[in-house]
Amino acid sequence: MSSGTADFEALLREALSPVDPPADLMDRMEATLVNLTELASEELEAWELRTMRDPRNWVRPAAAVMIGAGAGTALVVLRVRARSRSRRQESSSLLDLAERTVQDFAEEARRVLR
Amino acid sequence: MSTNNSHSKADLDAEFTELYKRHLRDVYSYSYYRVGNHHDAEDLTEQTFLQAYRHFERALRESNGRPLRPWLIRIAHNLAANFYRDRSRKPESTIEDAGLISAPHTTEALVEGREELKHILAGVAQLPDDRREALIMRFALGMDNREIARALGRTDGATKVLLHRAIRQLEGMVAETTTAGQGE
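Chains as they are written, first to last, in our numbering: chain Z, 24 to 137; chain H, 330 to 513.
No wet-lab data here; the hints were simulated from the structure. Please note that a few of the clues may not be correct.
Stated by the list, open to error - Simulated crosslink set (EDC-like; lysine to aspartate or glutamate; CA at most 20 Å straight-line): (1) H:Lys350 to H:Glu386; (2) H:Lys350 to H:Glu476; (3) H:Lys489 to Z:Glu32; (4) H:Lys489 to Z:Asp47; (5) H:Lys489 to H:Asp459; (6) H:Lys350 to Z:Asp30; (7) H:Lys447 to Z:Asp30.
Model the full structure from these sequences, guided by the hints.
Take a look at the structure:
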């Protein structure tokens, strides 16, 4: 870089000095951003409440509960079925086997719900 | 879950505040040299940060840790383009005149009594948009070639050439004005 070019660039740097923003701009901007953040969070809370008041929006939470319950039931059935052979061996009669199976179901359901 | 979300939102707001404090002067300087007066520069700066706030989370995610200053300046650049398109106008006043209608600031004071600096500022105002912007980013904001390239959406090589040509053209314009002034 020649000294002429360097001199010109120095002048250019001097002419295009950074410009300080007015002091009140910073205050104003900060206030705007704080308001925006608060508005956004209030809007989100209000939206959640509004959404849950409308029965059409209950489908998702209800579905989640049903899926959870379904998974629990399947677990109980699997565990009870897994022990069917030992129950059959331990049972003295068909009535005794039925009783033991019902007890097993109740016990497993209690465990899953706990 | 909601605690985690509110925590990350708080982190995001804190990061944005940092970004804002670090680059307010950059965005304001860019805006000022782009529009030529304080009133519109303030508007442009506010709009730039509001726009940035809306898309900050995504910008953070996609920046992969790279500095966000070029992104901010690109927002200001796009808004300034809209500003002119909407109002169908170019800056109405020169930078020096603008000082008279608003608070005194360093640039007007600096060029006062310095003919060569006045000629340079007048020359900058006459440059094609892309060359003027590249010079503002380099000399007013101190951005390097890579940052300018990202802000203008160009390659590093193209940006280097753009800057070189802008300086050469401006140097020629200033020399011409100075010679004409001496001949009078």
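Checking against the hints above, which ones are violated? 4, 6
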